[in-house]
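Asker: Given the coordinates of chain H, work out where chain S should sit on it, guided by the hints.
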Amino acid sequence: MAMRKILIKIIPLAVAALAVTPILVIFSSALQPRGELWAHLIETSLPSLTINTLSLCLGVALGTGILGIILGWLIAACNFPGRRFFSTALLLPMAIPTYVFAFVFLGLFDFSNPLQIFLRNKFGIPPFDVRSIWTVCLTMTLALYPYVYVMAKAGFTTQGQRCLEAARTLGCTTQSAFFSVALPLCRPWIATGILLVLMETLADFGAVSVFNFDTFTTAVYKAWYGFFSLSTASQLASILVILALSLLTSEQYLRKKMRFTQEQSHFNRIQLAKPKAILACTFCSIIFCIGFVLPVIQLTLWALDTTALELSSRYLTFSTNTLLLGILAAVVTCIGALALAYAARFQHTKATQWIISLSTLGYSLPGTVLAVGIIAPVAYLDNLYVDIASLLTKHPAQPILQGTICVLLIAYGIRFMAAAYGSIHSNMQRITPSMDDASILMGVTGWKMLRKVHLPQLKTGLLTAALLVLVDVMKEMPITLMTRPFGWDTLAVKIYELTSEGEWERAAIPAILLILVGLIPVLCINQKTDPV
Amino acid sequence: MKSLFYSVLAAIISFSFLVPTTAHSTEQEEIVVYSARKEHLIKPLFDAYTKKTGVKISYITAKANPLLERLKAEGKNTPADLLITVDAGNLWHAAESGLLQPVESKTLTTAVPENLRDPQNLWFGLSIRARTIVYNTNKVSADELSTYEDLASSKWKGRLTLRTSKKVYNQSLVASLLEQHGPDKAEEIVKGWVNNLAIDPTSNDTKAMQAIANGIGDVAIVNTYYYGRLMKESPELPLKLFWPNQNSTGVHMNISGAGVTKYAKNKAGAIKLLEWLASEEAQETFGALNQEFPVNPSVAPSEEVKAWGSFKGNPMNVKVYGEKQADAIKLMDRAGYK
Numbered sequence: 001m002a003m004r005k006i007l008i009k010i011i012p013l014a015v016a017a018l019a020v021t022p023i024l025v026i027f028s029s030a031l032q033p034r035g036e037l038w039a040h041l042i043e044t045s046l047p048s049l050t051i052n053t054l055s056l057c058l059g060v061a062l063g064t065g066i067l068g069i070i071l072g073w074l075i076a077a078c079n080f081p082g083r084r085f086f087s088t089a090l091l092l093p094m095a096i097p098t099y100v101f102a103f104v105f106l107g108l109f110d111f112s113n114p115l116q117i118f119l120r121n122k123f124g125i126p127p128f129d130v131r132s133i134w135t136v137c138l139t140m141t142l143a144l145y146p147y148v149y150v151m152a153k154a155g156f157t158t159q160g161q162r163c164l165e166a167a168r169t170l171g172c173t174t175q176s177a178f179f180s181v182a183l184p185l186c187r188p189w190i191a192t193g194i195l196l197v198l199m200e201t202l203a204d205f206g207a208v209s210v211f212n213f214d215t216f217t218t219a220v221y222k223a224w225y226g227f228f229s230l231s232t233a234s235q236l237a238s239i240l241v242i243l244a245l246s247l248l249t250s251e252q253y254l255r256k257k258m259r260f261t262q263e264q265s266h267f268n269r270i271q272l273a274k275p276k277a278i279l280a281c282t283f284c285s286i287i288f289c290i291g292f293v294l295p296v297i298q299l300t301l302w303a304l305d306t307t308a309l310e311l312s313s314r315y316l317t318f319s320t321n322t323l324l325l326g327i328l329a330a331v332v333t334c335i336g337a338l339a340l341a342y343a344a345r346f347q348h349t350k351a352t353q354w355i356i357s358l359s360t361l362g363y364s365l366p367g368t369v370l371a372v373g374i375i376a377p378v379a380y381l382d383n384l385y386v387d388i389a390s391l392l393t394k395h396p397a398q399p400i401l402q403g404t405i406c407v408l409l410i411a412y413g414i415r416f417m418a419a420a421y422g423s424i425h426s427n428m429q430r431i432t433p434s435m436d437d438a439s440i441l442m443g444v445t446g447w448k449m450l451r452k453v454h455l456p457q458l459k460t461g462l463l464t465a466a467l468l469v470l471v472d473v474m475k476e477m478p479i480t481l482m483t484r485p486f487g488w489d490t491l492a493v494k495i496y497e498l499t500s501e502g503e504w505e506r507a508a509i510p511a512i513l514l515i516l517v518g519l520i521p522v523l524c525i526n527q528k529t530d531p532v
Numbered sequence: 001m002k003s004l005f006y007s008v009l010a011a012i013i014s015f016s017f018l019v020p021t022t023a024h025s026t027e028q029e030e031i032v033v034y035s036a037r038k039e040h041l042i043k044p045l046f047d048a049y050t051k052k053t054g055v056k057i058s059y060i061t062a063k064a065n066p067l068l069e070r071l072k073a074e075g076k077n078t079p080a081d082l083l084i085t086v087d088a089g090n091l092w093h094a095a096e097s098g099l100l101q102p103v104e105s106k107t108l109t110t111a112v113p114e115n116l117r118d119p120q121n122l123w124f125g126l127s128i129r130a131r132t133i134v135y136n137t138n139k140v141s142a143d144e145l146s147t148y149e150d151l152a153s154s155k156w157k158g159r160l161t162l163r164t165s166k167k168v169y170n171q172s173l174v175a176s177l178l179e180q181h182g183p184d185k186a187e188e189i190v191k192g193w194v195n196n197l198a199i200d201p202t203s204n205d206t207k208a209m210q211a212i213a214n215g216i217g218d219v220a221i222v223n224t225y226y227y228g229r230l231m232k233e234s235p236e237l238p239l240k241l242f243w244p245n246q247n248s249t250g251v252h253m254n255i256s257g258a259g260v261t262k263y264a265k266n267k268a269g270a271i272k273l274l275e276w277l278a279s280e281e282a283q284e285t286f287g288a289l290n291q292e293f294p295v296n297p298s299v300a301p302s303e304e305v306k307a308w309g310s311f312k313g314n315p316m317n318v319k320v321y322g323e324k325q326a327d328a329i330k331l332m333d334r335a336g337y338k
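Protein sequence lines, in the order shown, are assigned to chains H and S.
Take our numbering: the last position of the first sequence gets the number 532, and nothing is skipped along the way.
Take our numbering: the last position of the second sequence gets the number 338, and nothing is skipped along the way.
To be clear, the hints were calculated from the coordinates, so they are not data collected in a lab.
Just so it is clear, CB atoms sit at the ideal spot from N, CA and C, and this is done for glycine as well.
Be a bit skeptical, because a hint or two may be false.
[As the list claims (entries may be wrong)] Under 10 Å between C-beta atoms, here's a sample of chain S residues computed to sit facing chain H:
{"id": "1", "residue": "K63"}
{"id": "2", "residue": "L67"}
{"id": "3", "residue": "T78"}
{"id": "4", "residue": "T109"}
{"id": "5", "residue": "I216"}
{"id": "6", "residue": "K240"}
[Stated by the list, open to error] In silico lysine-lysine, DSS-like type, Cα no more than 30 Å apart, as pairs:
{"id": "7", "chain 1": "S", "residue 1": "K312", "chain 2": "S", "residue 2": "K155"}
{"id": "8", "chain 1": "S", "residue 1": "K106", "chain 2": "H", "residue 2": "K394"}
{"id": "9", "chain 1": "S", "residue 1": "K240", "chain 2": "H", "residue 2": "K122"}
{"id": "10", "chain 1": "H", "residue 1": "K122", "chain 2": "S", "residue 2": "K157"}
{"id": "11", "chain 1": "H", "residue 1": "K394", "chain 2": "S", "residue 2": "K56"}
{"id": "12", "chain 1": "S", "residue 1": "K56", "chain 2": "S", "residue 2": "K265"}
{"id": "13", "chain 1": "H", "residue 1": "K122", "chain 2": "S", "residue 2": "K232"}
{"id": "14", "chain 1": "H", "residue 1": "K448", "chain 2": "H", "residue 2": "K350"}
{"id": "15", "chain 1": "S", "residue 1": "K232", "chain 2": "S", "residue 2": "K43"}
[Stated by the list, open to error] Pairwise CB distance ranges, derived in the manner of DEER restraints:
{"id": "16", "chain 1": "H", "residue 1": "I66", "chain 2": "S", "residue 2": "G336", "range": "33 to 43 Å"}
{"id": "17", "chain 1": "H", "residue 1": "I66", "chain 2": "S", "residue 2": "E96", "range": "43 to 53 Å"}
{"id": "18", "chain 1": "S", "residue 1": "G336", "chain 2": "H", "residue 2": "T88", "range": "46 to 56 Å"}
Next up, chain H with everything else stripped away, as it sits in the complex (with noise of 0.2 Å):
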């Protein structure tokens, strides 16, 4: 009984305790309120950064919905020439970081671009601004829709195809049974990724600053590095902190509502009728091509331009600390992650509903103000040992924890931990609750439990899990920026070097292996989850 008190009581709350600290400090520090600034910023920018700021969540919510649905039902449920190629395929975009899409992007299509100019020359068409709203989102979806697409495939794959067959049985045609079995029941799935978007998007800085459109994050970050005032900064943050609160209340409640299990059973796939396989087929080569090829070309030609001024053997460590800090990360998050969500099925109280959520919310916040609040704990405790140490021994003592990579990946599971809860919380709820009780019954029970019985099972999402908190490691800037130790740079460091003086062109060399070493885990890991 020990152990497993251990195992769904004390771990999961030392992994809460660590990940809501950063929070509290920022609340705490929010808390010296400069009146002054905050009537400058109503009396100026506030009003049109939340309409912005709702409109951008609403519009990449909506795009990478519809987006993800569709793909994730037409690789799951469908079958037509390319799918298995797409299955994959279409993962690939996730490699691409959102500031990287949104810099090849203005690359692209903006003013001085090929394009224009042949626009231009040829037709006459002055030269024009594509910087919008519809833009940025569009951006924005590209480059996050994965994030749905993951789930929902994973969604519509698990659930079996009996309930559909049943409803087709009952006279339901593929599409009412579509709408009215499948997505209803793949919605915990859907809405998870959703969320995951919807909390990038409110912490995104690097896409919406390339656009120059203004949001709560670029508030923050105007706050701090215009004004001075971390404080401020903070407020500014605790407003995004609360609104990703309520968007994991109202996940939560919908989840609530359906408490479903389904094993996995063997999918005949809907054999698609010609003319439809053709359209499924295009539809998907346009998104890749869009998501993927372009940016990916567009990349590779500048990186070309640029090879000989940038293009050194310093980039083999780069790349090597990359994946290795994120394979390092990835290991603690899902750790964190599944004593959580351990935690989440063995004690169905509020208070655990509550502290969940908490531990969630680093995900939703600007990476750089939550360097912040990890690095004001850290330094504090650090003083207070070298303080005590010189104290006891009489030698001064050096700091144990600042500069370590132990808190840069403390820092990251914080950082990235709703990403892996949210496919191993999800993948839980699928295990019956007699598995659970079959197994106590024969005396399995405590680590023994956790080991023969769940984690084979939870293998999909603790895969998923590690592949999201991998992928969004190697793309995350301002963190590592902030707590790396010395001689520690990633490709992402590489990138914001040379981005913020503006060259763009150089920062391809950085992007492009950043998406080359981000393939790796998103191909071996895909064809894990992805049954054939």
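Answerer: Chain S alone, transformed into the frame defined by chain H:
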């Protein structure tokens, strides 16, 4: 197979925990630098210094404000000896937050002109970044241009392209206008600029220049090194630099610079490095790496930079940009400059 996997994993993990220990300056010789100036603009200099003196330099680069926050949090246990950053405003804030210590050095005070360093010698400029006017030679002749202030007049309606007000370079420029003209006049000027915009503010200087080269607007305000870089890539663009305010205040100048941290463990080493960075030997490279102007008056700019001609710079002390930054941003917000 499984045990192999675990042992490899264990090896990787223990290895990665061992690596960062070099960060703390165990040898007295090592200098630790926090730099907001980009790696590729400082690493060649650090390498040269190490080669010359044998002193090892560890550095970490990040944005200015997070670095300041890190310094603040680390307090007296910080490993950093020297803080390098761009923009005078950031240096001023570092000094205001008590993160830097004064340096008494004859070498530095002679190498760095008075208006480009802190009056208490808390920080020193190391390169000059001039923010000036660029125009499309097909649509504007140089004699139409005169001052930053003039770009607010109605003759430039629909012809001006600006970078976002969120960039500190514009905040510093407006801070200098505030100092020069007072709040009312300065706001009028910025409002005039906003009225004259040909396009929503761009995310960077290069985009602003590409816009005017492609016929969206005729003039832009940019840092010279962006111009230098763009023209190196596309020399065919019809763009030229213009030095404004030559009969009045002079061209707006910002700096990149450095200061010794308050709790530097290797203060002597940091000062030596700082002095070397301001010396003739290093100044040539420091500016040339990014086509900036050296601060040291006895060092000539690189050939490329020299070709843009000489100009009269604004003699205002750059610390004003820090003092007036918040007011400048508020002013730009009120004027609707995004």
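Asker: State for each hint whether it applies.
Answerer: Results of checking the hints against the structure:
1. K63: Holds - the Cβ of K63(S) comes within 10 Å of chain H, reaching about 7 Å at its closest.
2. L67: Cβ of L67(S) sits 8 Å from chain H, so the hint holds.
3. T78: holds (9 Å)
4. T109: violated (28 Å)
5. I216: With Cβ-Cβ at 5 Å, under 10 Å, it holds.
6. K240: violated (17 Å)
7. K312(S) <-> K155(S): Cα-Cα ~25 Å, so holds.
8. K106(S) <-> K394(H): violated (38 Å)
9. K240(S) <-> K122(H): Holds, at about 27 Å.
10. K122(H) <-> K157(S): Since the Cα atoms of K122(H) and K157(S) sit roughly 28 Å apart, the hinted pair holds (cutoff 30 Å).
11. K394(H) <-> K56(S): holds (29 Å)
12. K56(S) <-> K265(S): OK: K56(S) and K265(S) at ~14 Å, within 30 Å.
13. K122(H) <-> K232(S): With a Cα-Cα distance of about 28 Å, the restraint between K122(H) and K232(S) holds, given a limit of 30 Å.
14. K448(H) <-> K350(H): It holds: about 27 Å lies between the C-alpha atoms, which stays within 30 Å.
15. K232(S) <-> K43(S): Judged against 30 Å, a Cα distance of about 22 Å means the pair holds.
16. I66(H) <-> G336(S): 33 to 43 Å: Hint holds: Cβ distance 35 Å, inside 33 to 43 Å.
17. I66(H) <-> E96(S): 43 to 53 Å: Roughly 50 Å apart at Cβ, these two residues keep to the hinted range, so it holds.
18. G336(S) <-> T88(H): 46 to 56 Å: Given range 46 to 56 Å: holds, Cβ gap about 47 Å.
Checked against the numbered hints given earlier, this structure breaks hints 4, 6 and 8; the rest are met.
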